[in-house]
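Engineer: Listed here are the chains, written in short residue letters.
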Amino acid sequence: MATIQLKQVEKKFGDAYAVKPLDMTIADGEFIVLLGPSGCGKTTTLRMISGLETVTGGQILLNDKNVTWLHPSARDIAFVFQFYALYPHINVHDNIAFPLQAQGEKKELIDERIKQVVELLRIQHLLNKRPGGLSGGDKQRVALARALVRRPAAFLMDEPLGALDADLRETMRAEIRQLQLRLNATTVYVTHDQIEAMAMGDRIVVMNTAVVQQVGTPTEVYYNPANLFVAKFIGSPGMNLVQGQFADGVVQLPGENRYPLPDGWKNAMTRGENVVVGFRPESAHVNPEGKLHGEVYATDMHGSYNMLHVNMAGDNVVHLRADRATRYPIGANIRFDIDPPMARFFNPQNEMALRRQ
Amino acid sequence: MATATVESSVTKSRVQPQSAQRQLSDRAIMNLFIWPTLLLLIAFNFFPLFYSLYLSFTNYRATATTAPVWLGIENYANILTSPDLWQAFTTSGKYVLFSVALQTIIGFALAMLVRGKFRGSGLITTLILIPMMLSPVVVGLFWKLMYNPNFGYFNYLIGMGQEGSLDMIASRMFNQPVPNLALAAVILVDVWMWSPFVMLLVLSGLNAIPDYLYEAAAIDRASSWFQFWHITLPQVKPLLLIAVLFRTIEALKSFDLVMGMTGGGPGNQTELVAVYLYRVAFLGQFRSGYASALAYIILIIVIAISNLYIRNLNRAKGA
Amino acid sequence: MASFAESGPRRPVVESIRVDKVSPGARATGAVRALIVLLVALIMLIPIYVMFATAFKTRIDVTASPPKIFFQPTLEGLVLLFTDRALAAPARVQELQQLEAQGKLNLFEQLALASGQEITGPSPYVGRIVNSLIIAGASTFLSVLLGVLAGYAFSRFNLPGKDDLLFFILSTRMLPAVVVTIPLFLMFRQVGLYDNHIGMILLYTVFNLSFSVWLMKGFFDEIPREYEEAALVDGYSRLQTFFKIVLPQSVSGIAATTVFCLIFAWNEYAFALMMTAEKARTAPPSIPSMIGRGGVEWAAIAAGSLGFLIPVVIITFALRKYLLRGVTFGAIRQ
Chain A
1 MATIQLKQVE
11 KKFGDAYAVK
21 PLDMTIADGE
31 FIVLLGPSGC
41 GKTTTLRMIS
51 GLETVTGGQI
61 LLNDKNVTWL
71 HPSARDIAFV
81 FQFYALYPHI
91 NVHDNIAFPL
101 QAQGEKKELI
111 DERIKQVVEL
121 LRIQHLLNKR
131 PGGLSGGDKQ
141 RVALARALVR
151 RPAAFLMDEP
161 LGALDADLRE
171 TMRAEIRQLQ
181 LRLNATTVYV
191 THDQIEAMAM
201 GDRIVVMNTA
211 VVQQVGTPTE
221 VYYNPANLFV
231 AKFIGSPGMN
241 LVQGQFADGV
251 VQLPGENRYP
261 LPDGWKNAMT
271 RGENVVVGFR
281 PESAHVNPEG
291 KLHGEVYATD
301 MHGSYNMLHV
311 NMAGDNVVHL
321 RADRATRYPI
331 GANIRFDIDP
341 PMARFFNPQN
351 EMALRRQ
Chain B
1001 MATATVESSV
1011 TKSRVQPQSA
1021 QRQLSDRAIM
1031 NLFIWPTLLL
1041 LIAFNFFPLF
1051 YSLYLSFTNY
1061 RATATTAPVW
1071 LGIENYANIL
1081 TSPDLWQAFT
1091 TSGKYVLFSV
1101 ALQTIIGFAL
1111 AMLVRGKFRG
1121 SGLITTLILI
1131 PMMLSPVVVG
1141 LFWKLMYNPN
1151 FGYFNYLIGM
1161 GQEGSLDMIA
1171 SRMFNQPVPN
1181 LALAAVILVD
1191 VWMWSPFVML
1201 LVLSGLNAIP
1211 DYLYEAAAID
1221 RASSWFQFWH
1231 ITLPQVKPLL
1241 LIAVLFRTIE
1251 ALKSFDLVMG
1261 MTGGGPGNQT
1271 ELVAVYLYRV
1281 AFLGQFRSGY
1291 ASALAYIILI
1301 IVIAISNLYI
1311 RNLNRAKGA
Chain C
2001 MASFAESGPR
2011 RPVVESIRVD
2021 KVSPGARATG
2031 AVRALIVLLV
2041 ALIMLIPIYV
2051 MFATAFKTRI
2061 DVTASPPKIF
2071 FQPTLEGLVL
2081 LFTDRALAAP
2091 ARVQELQQLE
2101 AQGKLNLFEQ
2111 LALASGQEIT
2121 GPSPYVGRIV
2131 NSLIIAGAST
2141 FLSVLLGVLA
2151 GYAFSRFNLP
2161 GKDDLLFFIL
2171 STRMLPAVVV
2181 TIPLFLMFRQ
2191 VGLYDNHIGM
2201 ILLYTVFNLS
2211 FSVWLMKGFF
2221 DEIPREYEEA
2231 ALVDGYSRLQ
2241 TFFKIVLPQS
2251 VSGIAATTVF
2261 CLIFAWNEYA
2271 FALMMTAEKA
2281 RTAPPSIPSM
2291 IGRGGVEWAA
2301 IAAGSLGFLI
2311 PVVIITFALR
2321 KYLLRGVTFG
2331 AIRQ
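Chains A, B and C supply the protein sequences, listed in that same order. For the first sequence, the working numbering begins at 1 and goes up steadily by one. For the second sequence, the working numbering begins at 1001 and goes up steadily by one. For the third sequence, the working numbering begins at 2001 and goes up steadily by one.
One or more hints might be untrue.
Pulled a few chain A residues facing chain C out of the computed Cβ check, cut under 8 angstroms [what the hints assert, rightly or not]:
1) 13
2) 51
3) 53
4) 54
5) 56
6) 57
7) 65
8) 66
9) 68
10) 71
For lysine-lysine, the following DSS-like pairs were computed, each having C-alpha atoms within a straight-line distance of at most 27 angstroms [said to hold, decoys possible]:
11) A:12 <-> A:65
12) C:2321 <-> C:2244
13) A:129 <-> A:115
14) C:2021 <-> A:7
15) C:2321 <-> B:1237
16) C:2244 <-> A:20
17) B:1237 <-> B:1094
18) A:129 <-> B:1094
19) B:1117 <-> B:1237
20) A:266 <-> A:232
21) A:7 <-> A:20
22) A:266 <-> A:20
23) A:129 <-> A:106
24) A:291 <-> A:232
25) A:65 <-> C:2021
26) A:12 <-> C:2104
27) B:1117 <-> A:12
28) A:291 <-> A:266
29) A:20 <-> A:65
30) A:107 <-> A:129
31) C:2162 <-> C:2244
32) B:1237 <-> C:2244
33) B:1117 <-> C:2021
34) C:2244 <-> B:1117
To be clear, the hints were calculated from the coordinates, so they are not data collected in a lab. Glycine included, each C-beta is placed from N, C-alpha and C at the ideal position.
Pulled out of the complex, with its shape left as it was, chain A reads as follows:
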C-alpha cells in the first residue's frame, strides 16, 4: 500500500494558522487517527493530504513521492466524507462505479470490482436504489464501497461516522477497522470522538489550536498524556487534575490534603514549585485509611461501577470509580488513595507533563 509523510506542513487562513508546521510519518498499513476538538486543524490536515486544500508551506510525500502540488486525482488516495458526498442523481451501483468510469475502465472490470466490494460490505440489495432513500449507515457503506472499489494507495476519512447515531457508530467502527486490517490499508481517520480514536487507531495524533499535542498509541496518550490538554481530552471523564504545591516530598492539595509523592518523582520537581497532580478515576480507590479526602458531591451509577464526584475543597471536584454495591450519601466525607504508579504530574506554567526521574 503506501506510506504518507508530512514535512513541516502548515496552513494559514489569512494571518491565522489553521495548522502550525507539522511533521508526521504514517507507515504502510497503519491506521492513524487525527483527534481533537472542532477547529483544531485536524480536518484541514486531512484535506491537505488529499489535495482538497492547499498547504501554505511544507511538503506532503506519498510513497516518498512529493505530491504537495499534485491534483487530488493524481494522488491515488480515496476520501470518505463526513456527509458521504454521494452523487444524488445516480443509483448506488453508478455511485460505486463512478471512480472507475471516470477512468474509462472496461465494463467487465467495473462489474467484477463492484461485485467484490458490495459483497465485502454486504450492500448487494442496495445497488438499484438512489442514495437519498438510504439510511445513514447504508450511505456510509456505499461511500466506503466507492472508496474501496478503486483500490487506492491510502484512505482518508473525515469523521465518517459523525452523522450516525450511537449504536450504529459502534457497529460501523468495528466494520471499518476490520476492513482496514483485512486490506492492510493505510488510513488517516479524523474524528473528534476520543472513544472512536482509542478504539480504532494504531496511533493517535491529538491536535488542539492548530498544534499537534501528542502522537502515540492509544495506551500512550491515555496513560502518559504529554500535557494537560491531552490529559483532559482523552477519557470520559478526563484525567482528574488538581493543582498543589510541592514541598518536602509532599504535594499540598486543596482542603488540607497532603499527597506524598510516589517513588521516582521526587527529583522531577523543586521545592515550592506549583504542580498539578493528575490521576484517572479508575486509579483512585476509596479507602478509609486513604491519604486524601473530600466530600461526596454527586454519584452516578454506571451499572458495573459508581462514579463519585468528590469535592476536595473550593470546587476542586475529582472523579473516582467506586464499588457499585456501596452507597455513598451526598455530603459524606470519604477518604481515598491513588495507585502510586498511576499518578501523573504536570507543570501548570507550560502545561507539560513532568517526567519520572
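Given chain A's structure and the hints, the job is docking chains B and C onto it.
Structural biologist: Chains B and C alone, transformed into the frame defined by chain A:
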C-alpha cells in the same frame, strides 16, 4: 396549575377587549383575503374566455351592428385549413425553436462563465441581466435603429461598409432579398433579451450544487469534462428544463418585440401567431368570431405547455 | 524554471482552495474566463449604449455613417419628445437671429432657430407618461394589496383544492394577452371601460395579480409560523398577528413585489395597444407610433426609451437579490 390558569386569563383580558367582540374566524379571514383576488381573476379571465368561446362559433365582427350568427365549427374549420395560419404557426415554430435553443445554449454558457467568482463578477452579472428587464417594445425599437442599413451600428459592428450594408429588417442583403433574414433579426434580439434569463436560472442551479460533489469527483479522478457531463449537467437539468419551458411559453406568446421591430413585416416574414391574431382581431378586419376561434387554438397549445412547465416546477421544487 | 507540481505557487496560499485551482493553468483559465465575461457583458450592453447615445445626439449625428461614437451631446431629443412644434414665422426667425447675434439665446430658442420650428406646447407624449404613471401606480398598489392578502391566506390556511386554485391563478398569467383581449375589448366597450383609466387600472391589476399572489405566498412561506402561533397563544387575534407580526417581517418581500409589478405595468404594451386609443393611452404603444409621424425622430424615440430604461436599470440593481424569484414567480429562490 392554578396559578398558570390565572396568569393566562390575565394576559388574555389585557389584549382581548378590542378584538373580543368582533374577532373573525380563520375561515372568514381566509375568504376575505382570497375572494377579491379570485373574483377579479374570474371576471377578467374566466368570464372573457367563456364569452370568446361563444364568439368563436359565430361570425361576430366588433365593427358590426348586427347580432352574431351561429356558425358552428365553421371558424375552426376555416382556420385549420387557412394557409395564413399555418404560415403564422410555421413562423412561430421557427421563432420558438431557434430563439429558445440559442438562449438555452448561450444562457448556459454565460452561467458557466460567470459561475466562478472573480473581482466584479457580481456587478457584471447584474449588468448582463439588464436586457430581460426592459420593455420588449422599446427594445424592438432601438434594435430597429441598430439594424438601420444606412446609419445603424449593426452593419458597422459586423464590418459592413456603407455599400455592403445589410438591411436585416427588410431582409435585403446587397440589394438581394434574403428570405427570413428579418425573422433571424428578431430572433437575435429575443436571444439578446432572454439569454440572461436562462443564465439566471442555470446560475442558481449551479450555485445550488454542493461543493462536496466536485470534491468527491476530484478524488474519484474524474476529468473536468466527465464532471460536467456526470455532475453539473444532471444537477442543473431541472432548472434548465424550467427555463426552457418558460421561454417556450413566452416565445409562443411573443408580440411586443415583433411589434416594436417589424409589425410582422416585411410581408408576413415575421408574423408570429400573436401578431397574426392581432391583425385579424383588430387591424381593419375586426373579425372577432374568427379571431376568438384562433385565440382558442393558441390557448390550448399554451395551456398544454404551461402544464408541462408547472409540473416540472413542482418536481424541481420537490427535489 | 521548476514546474508547479514540484515547487508550488510563487506566493503562499492563505485561503481555503483546492490544489488544482491554484495551478498556473487554472489561474490562467480563470483570468481568461473573467475577460470573456467582461467582453460578453460589454457586447451585450452595446445596444443600451447606442440608445443612450442616440438620445443625446442631434438629428444629423443620429444618421451619421459610420455611426459617431464621440459626439457633442444635446438635449434636442428630449425637447422633441416632450414638445409639439410648428413652423416658426419668418418674423420670429429674424428676431431669433438678432438675439443670437447678441448671444442671448436659451436652449429652446437655439433649437427653434436651428430647426425653424417653434415650440407650441407639450407633446401628447407628456400626457401618455402621466397616464403610464397613474395606471402603473394605481394598479401596482391594488395588485400588491390583493396579492399580500391572498398570498397570506394561501400560505397559512388549508383550503380545499388549494393547489388547483394556485394553478388557476398562475395560468391566467400564461395566457397570451391577445387571446384575452378580444372578449375583454368587447366587454370594456360595452360598459364604457375602453380607453378609460379605471379600465386599464383594473386590467393591469389583474395582469399582475397572479404574480403578486405567487411571489407574496413565497415570501410568507419563509416566515416561520412559530411567531404567529406564539402571538395567537398570547391572545392576539388572527388579524392582529397578521398586521403586527407578519406584515412587518415581510416588508422587503412586499417592496420587491411592488417594484416588479411596477416594472411589468410600466413596460406593458399589448393591452395598452389594444385597449386604449387616446385618453388613457400609456407610453409604450406611443413610442413606436412616433415613427409614423413624418421623418423618424430617432433622438426623440431614444430619449423616450431612455426614460423607460433608466428606472429599470436602477431597479435591476436594487432588486438583484430578488431577480430570480421575480422572473420565476417566486417558485425558485436563491
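Engineer: Determine for every hint whether it applies to the structure shown.
Structural biologist: Verification of the supplied hints:
A hinted interface residue such as residue 13 of chain A counts as satisfied when its beta carbon comes closer than 8 angstroms to some beta carbon of chain C; here the least separation is about 6 angstroms, so the hint holds. The criterion of a C-beta within 8 angstroms of any C-beta in chain C is met by residue 51 of chain A, whose closest approach is roughly 4 angstroms, and the hint holds. Nearest Cβ of chain C to the Cβ of residue 53 of chain A: about 6 angstroms, under the 8 angstroms cut. The hint holds. With a cut of 8 angstroms, the hint placing residue 54 of chain A at the interface with chain C holds, because the nearest CB-to-CB distance is about 4 angstroms.
This hint holds: residue 56 of chain A has a C-beta 5 angstroms from the nearest C-beta of chain C, less than the 8 angstroms allowed. Restraint check, residue 57 of chain A versus chain C: the minimum CB separation of about 6 angstroms is within 8 angstroms; hint holds. Using the Cβ-Cβ criterion of 8 angstroms, the hint placing residue 65 of chain A at the interface with chain C is not satisfied: the shortest such distance is roughly 10 angstroms. For residue 66 of chain A, the interface hint holds, the least distance from its beta-carbon to any beta-carbon of chain C being 7 angstroms, beneath 8 angstroms.
Because the closest C-beta pair between residue 68 of chain A and chain C is about 6 angstroms apart, less than 8 angstroms, the hint holds. Below 8 angstroms, beta-carbon pairs count as interface contacts, and residue 71 of chain A has one with chain C at about 4 angstroms; its hint therefore holds. At most 27 angstroms may separate the alpha-carbon atoms for a hinted pair to count; residue 12 of chain A and residue 65 of chain A meet this at roughly 24 angstroms. Distance restraint check for residue 2321 of chain C and residue 2244 of chain C: the Cα-Cα separation of roughly 26 angstroms lies within the 27 angstroms cut-off, and the hinted pair is therefore satisfied.
Proposed proximity of residue 129 of chain A and residue 115 of chain A is supported: the alpha carbons are some 16 angstroms apart, at most 27 angstroms. A C-alpha spacing of about 22 angstroms is found between residue 2021 of chain C and residue 7 of chain A, which places the hinted pair at or below 27 angstroms, so the restraint holds. For a cut-off of 27 angstroms, the pair hint linking residue 2321 of chain C to residue 1237 of chain B stands: about 23 angstroms separates their Cα positions. For the suggested pair residue 2244 of chain C and residue 20 of chain A, the alpha carbons sit about 53 angstroms apart, so the restraint of at most 27 angstroms is broken.
For a cut-off of 27 angstroms, the pair hint linking residue 1237 of chain B to residue 1094 of chain B stands: about 24 angstroms separates their Cα positions. A hinted pair counts as satisfied when its Cα atoms are at most 27 angstroms apart, and residue 129 of chain A with residue 1094 of chain B does not qualify at roughly 41 angstroms. With a C-alpha separation of about 22 angstroms, the suggested pairing of residue 1117 of chain B with residue 1237 of chain B holds against the 27 angstroms cut-off. Note on residue 266 of chain A and residue 232 of chain A: the hinted pairing holds, with a Cα-Cα distance of about 24 angstroms set against a maximum of 27 angstroms.
With a C-alpha separation of about 11 angstroms, the suggested pairing of residue 7 of chain A with residue 20 of chain A holds against the 27 angstroms cut-off. Of the pairs offered as hints, the one joining residue 266 of chain A and residue 20 of chain A is violated, with about 35 angstroms between alpha carbons and a cut-off of 27 angstroms exceeded. The hinted pair formed by residue 129 of chain A and residue 106 of chain A meets the criterion: a straight-line CA distance of about 23 angstroms does not exceed 27 angstroms. Among the hinted pairs, residue 291 of chain A with residue 232 of chain A is consistent with the structure: their alpha-carbon atoms are about 24 angstroms apart, no more than 27 angstroms.
Straight-line distance between C-alpha atoms of residue 65 of chain A and residue 2021 of chain C comes to about 21 angstroms, which keeps the hinted pair within the 27 angstroms bound. Distance hint between residue 12 of chain A and residue 2104 of chain C is unfulfilled; the C-alpha atoms sit about 70 angstroms from each other, more than 27 angstroms. With a CA separation close to 21 angstroms, the supplied pair residue 1117 of chain B and residue 12 of chain A stays within the 27 angstroms bound. For the proposed pair residue 291 of chain A and residue 266 of chain A, the alpha carbon gap of about 18 angstroms is at most 27 angstroms, so the pair holds.
Of the supplied pair hints, the one linking residue 20 of chain A and residue 65 of chain A holds, its CA atoms being roughly 22 angstroms apart against a limit of 27 angstroms. At roughly 20 angstroms between alpha-carbon atoms, residue 107 of chain A and residue 129 of chain A fall within 27 angstroms of each other, so this suggested pair holds. Under the criterion of a C-alpha separation no larger than 27 angstroms, the hint pairing residue 2162 of chain C with residue 2244 of chain C is consistent with the structure, at around 26 angstroms. About 41 angstroms separates the Cα atoms of residue 1237 of chain B and residue 2244 of chain C, which puts this hinted pair outside 27 angstroms; it is violated.
Using a Cα cut-off of 27 angstroms, the hinted pair residue 1117 of chain B and residue 2021 of chain C holds, with the two alpha carbons roughly 13 angstroms apart. A threshold of 27 angstroms between alpha carbons decides the hint, and for residue 2244 of chain C with residue 1117 of chain B the separation of about 40 angstroms lies outside it, so the pair is violated.
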